[in-house]
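> What follows is each chain in one-letter form.
There are 2 protein chains.
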Amino acid sequence: MDREIRVGLCGCGVIGEGVVTALLQHADVIGERVGGPLKLAAVADKDPARLDIVRAQDPNISLIDDAFEIVARDDVDIVVELIGGVEVADRLVRAALDAKKHVVTANKALLAERGGALFALAEANGCDLYFEAAVAGAIPVIRVIRESLAADRILSVRGIINGTSNYILSSMANDGAAFADALKAAQQAGFAEADPTLDITGGDAGHKLAILAALAFGARVLPGEIPTEGIESVDPRDIQYARNFGYAIRPLAVAQRLQTGALDLRVHPALVPEGDPLAHVDGALNAVAIQGAMVGPSFLSGLGAGAGPTATSVAGDIIDIAKNSLAGAPVRRWNLSSDGDQKIQAIADLSSRYYLRFSVRDESGVLAALSGKLGDSGISIEKMVQDVDAGDAGTASIAMLTHNTHEGGVRDSLHAIDNTDLTTAPTHLIRIVE
Amino acid sequence: MDREIRVGLCGCGVIGEGVVTALLQHADVIGERVGGPLKLAAVADKDPARLDIVRAQDPNISLIDDAFEIVARDDVDIVVELIGGVEVADRLVRAALDAKKHVVTANKALLAERGGALFALAEANGCDLYFEAAVAGAIPVIRVIRESLAADRILSVRGIINGTSNYILSSMANDGAAFADALKAAQQAGFAEADPTLDITGGDAGHKLAILAALAFGARVLPGEIPTEGIESVDPRDIQYARNFGYAIRPLAVAQRLQTGALDLRVHPALVPEGDPLAHVDGALNAVAIQGAMVGPSFLSGLGAGAGPTATSVAGDIIDIAKNSLAGAPVRRWNLSSDGDQKIQAIADLSSRYYLRFSVRDESGVLAALSGKLGDSGISIEKMVQDVDAGDAGTASIAMLTHNTHEGGVRDSLHAIDNTDLTTAPTHLIRIVE
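Residue numbers (numbering that gives the first Met the number 0), protein chains in the order written: chain G, 0 to 433; chain P, 0 to 433.
Worth flagging that the hints you see were computed from the coordinates, not collected in a lab. In this text, all values refer to a predicted model and were calculated from it rather than measured experimentally. All C-beta atoms, glycine included, are put in the ideal place defined by N, C-alpha and C. Hints are supplied without guarantee of correctness; some may be wrong.
Where chain G lies over chain P, by a calculated footprint (3+ residues, C-beta under 8 Å) [unchecked claim]:
id : segment
1  : 23-37
2  : 150-160
3  : 245-259
4  : 291-301
5  : 364-370
In silico lysine to aspartate or glutamate, DMTMM-like type, Cα no more than 25 Å apart, as pairs [said to hold, decoys possible]:
id : chain 1 : residue 1 : chain 2 : residue 2
6  : G       : 38        : P       : 362
7  : G       : 38        : G       : 27
8  : P       : 38        : G       : 16
9  : G       : 99        : P       : 31
10 : P       : 99        : G       : 51
11 : P       : 183       : P       : 228
12 : P       : 99        : P       : 89
13 : G       : 372       : G       : 340
14 : G       : 382       : G       : 275
15 : G       : 38        : G       : 97
16 : P       : 45        : P       : 192
17 : P       : 342       : G       : 27
18 : G       : 38        : G       : 3
19 : G       : 99        : G       : 74
20 : P       : 372       : P       : 362
21 : G       : 342       : P       : 16
22 : G       : 38        : G       : 86
23 : G       : 45        : G       : 27
Chain G extracted, bound-state conformation:
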């Protein structure tokens, strides 16, 4: 008779509940794919009400209030960490690995901050540590980079990997709402947390980008080292101007290996050309575009959050580990050697095209003076449009796209211009990614 693989689930919020449902409802198919029975042995949560929901589905599952008890149980082979946060989750995952249990986690903050040490610990203990759900929810980007592109060299990864930010920018694009109003609406619709800081400032995307960069380029970087900019400063006017220029504004995360050898890693809102599939990823969807040396462009999109999508990714990981475990296959190695440079390019050294929006006095000669100053700094303008500001008499807006140039130079030039009386408010800059 086949040996049984037993799962212990730590943290039974909406995602945990989704995992329970997936494992119980599709037990037959899963057993067939694993090659033997997969049993949900124990579930831990501090909230008895959540455990009641599990009990109602299957009275034979052990229900526990302390997640650390799961790790200590003999009848658990795979520990699923869904409690979130860094410190407690770190201790829990370490305890599981020390007890020679495989681990599945959806915890991007944990992996971004402590991944290196945890993967080393997993390997030392001969255990698997899987995390498909940590990046872009339902999108199997970890599996695709790790397995499908195993024989290729990845040139770049660009992604919309924070659904909250994309939902907010999409609402602003669709109904012209200001950022604050779009945020409020997103909170009411359940697409933003009560405290949305980590999402809208790009912090969450930075966590995920650190993980992607490690996989794609062997980068060993902490999220704090990644140049990061949130979406708070995007104005509905920017979205409108960008659209007229043929672009959409999306919350992007970018990772590429530059020809200098340095890593170009950054998180910021960006103008994306209409012809780019990323421009059409709307609402809470996530997407990842990968450029491979052999494979060319590859594009994946799907729901980045939510119980169903995330639980499906977690369950896919559990099935993989269970199948390998039953087969006696060795664990997957994540800490691939990296002979590449670990230096992240400073954002001032970035070479890019830029979108600029100036608020100026509505007087003759202003545009000529502005163009002159940009020209003096070696910044060449590709497209330009000037509008009278509807709201503010006596002022006008000038929006433009620059040709390729260096960010440091643009910033210096804008700083100088904003110190003259040409502009009536600080100039907005948004990078173009294409």
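With chain G held as given, fit chain P onto it using these hints.
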């Protein structure tokens, strides 16, 4: 010391050459991912010039003119079948499996026609039979359906899985060319074969759809059983009208399990709404949109053909099998039990919205008569536009979108209308997929 896994490659055309390059150039990374050395032991091709190219890259590879010698060699663990066609490839793959060798193939026709028997033979011999490159080239759709969505129930699969057809329809959309001219340009650009029949008639997409339907729904269908329609009858005017209605015309393959239990499988050009990511898949790109019960919408796109993309998928399969083989893991089972209905819904029973384009006499009363006849058949019109035909004096075009209705009824009604003197040419019908 690790045991070596040895690969024998049968057929060294452009894809085979890509596989050779991938295996040789990335040998270090591949070895690390496999967990031991992966060696390209032998390559077979009837054309000595092709073997010379391999020899130039690595003089230690055995070069053979007869592919059947590869399967007989003791120093080959994995046979890669890239000779194409059905009969010889079938014999070759059977011989390899009988000799207890794992097989990787990119041959969609072979799998669509003989897949059932070949997978059974592979399983009986304890061998793997992988085929990621057979469907949608670089897009890891087989892996995603089989592994990432292992815990989900798939509701529908819709795809652009013939790059030639998509290239032609895209050209027609971009420059207004007629089908014949766009085909000629595609042939000159290398995006269509000298004999493009299998691509433009939907036959190639039917092969791939049969494979996808087997994976997603346990369907046991032959390509010949799938209602299939090519892109030859699409007119530039259809593309223009569709665009004005807010749709793009794409060469689609559709598979879904209907609520009646029957399978809805079909290949045809279709109007796709602008908001659907499939509408933005341009040129030779392929794409697959999967709807899962838990995971929601999932979308993948990439190059569907070409040496690099296809070779990367083949190499990914080789790496997977080599890793599992070194680990002593059991082979993957493809022949999942299917308790579902195997009946394919007749196209006359399809319930859909339709795009119709009538060529009519440019006289008063014609539109009223036409609408009346459609109304009598219970077909209700959602949108309509009438244009005078520039080319043909005295005639006009009427394009419309219908509300949901049954195809049999629409066909009957159009047949009756085309037998009156209201229309001056047969009416064009294109299904809407949304």
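> Each hint: holds or not?
Status of each hint after checking the structure:
For the segment 23-37 of chain P, the assignment as covered by chain G holds, since 6 residues bring a beta-carbon within under 8 Å of that chain's beta-carbons and 3 suffice. Counting residues of the segment 150-160 of chain P whose beta carbon lies closer than 8 Å to any beta carbon of chain G gives 3, which meets the minimum of three for the stated coverage. Counting residues of the segment 245-259 of chain P whose beta-carbon sits less than 8 Å from any beta-carbon of chain G gives 0, not enough to reach three: the coverage restraint is violated. For the segment 291-301 of chain P, the proposed coverage by chain G is satisfied: 11 residues have a C-beta within less than 8 Å of a C-beta in that chain, meeting the threshold of three.
For the segment 364-370 of chain P, the proposed coverage by chain G is not satisfied: 0 residues have a C-beta within less than 8 Å of a C-beta in that chain, short of the threshold of three. For a cut-off of 25 Å, the pair hint linking residue 38 (chain G) to residue 362 (chain P) is broken: about 72 Å separates their Cα positions. This hinted pair checks out: residue 38 (chain G) and residue 27 (chain G) have alpha carbons roughly 11 Å apart, not beyond 25 Å. Between residue 38 (chain P) and residue 16 (chain G) the CA atoms are separated by roughly 46 Å; this puts the pair beyond 25 Å, and the hint is violated.
Restraint check for residue 99 (chain G) and residue 31 (chain P): satisfied, since their Cα atoms lie roughly 23 Å apart, inside the 25 Å limit. Taking the CA atoms of residue 99 (chain P) and residue 51 (chain G), the gap is near 51 Å; set against the 25 Å cutoff, the hint is violated. Of the supplied pair hints, the one linking residue 183 (chain P) and residue 228 (chain P) holds, its CA atoms being roughly 20 Å apart against a limit of 25 Å. As the CA atoms of residue 99 (chain P) and residue 89 (chain P) are separated by approximately 15 Å, the hinted pair is consistent with the 25 Å bound.
For the hint linking residue 372 (chain G) to residue 340 (chain G), the alpha-carbon distance of about 37 Å lies beyond 25 Å, and the restraint is violated. Restraint check: the Cα-Cα separation between residue 382 (chain G) and residue 275 (chain G) comes to about 19 Å, which is no more than 25 Å; the hinted pair holds. Of the supplied pair hints, the one linking residue 38 (chain G) and residue 97 (chain G) holds, its CA atoms being roughly 22 Å apart against a limit of 25 Å. The straight-line distance between the Cα atoms of residue 45 (chain P) and residue 192 (chain P) is roughly 21 Å, inside the 25 Å bound, and the hint therefore holds.
Pair hint residue 342 (chain P) plus residue 27 (chain G) holds up; C-alpha atoms about 23 Å apart against a cutoff of 25 Å. For the suggested pair residue 38 (chain G) and residue 3 (chain G), the alpha carbons sit about 7 Å apart, so the restraint of at most 25 Å is met. Under the criterion of a C-alpha separation no larger than 25 Å, the hint pairing residue 99 (chain G) with residue 74 (chain G) is consistent with the structure, at around 12 Å. Between the alpha carbons of residue 372 (chain P) and residue 362 (chain P) the distance comes to roughly 17 Å, so the proposed pair stays at or under 25 Å and holds.
Taking the CA atoms of residue 342 (chain G) and residue 16 (chain P), the gap is about 35 Å. The hint is violated against a cut of 25 Å. At roughly 28 Å between alpha-carbon atoms, residue 38 (chain G) and residue 86 (chain G) are farther apart than 25 Å, so this suggested pair is violated. Pair hint residue 45 (chain G) plus residue 27 (chain G) does not hold up; C-alpha atoms about 30 Å apart against a cutoff of 25 Å.
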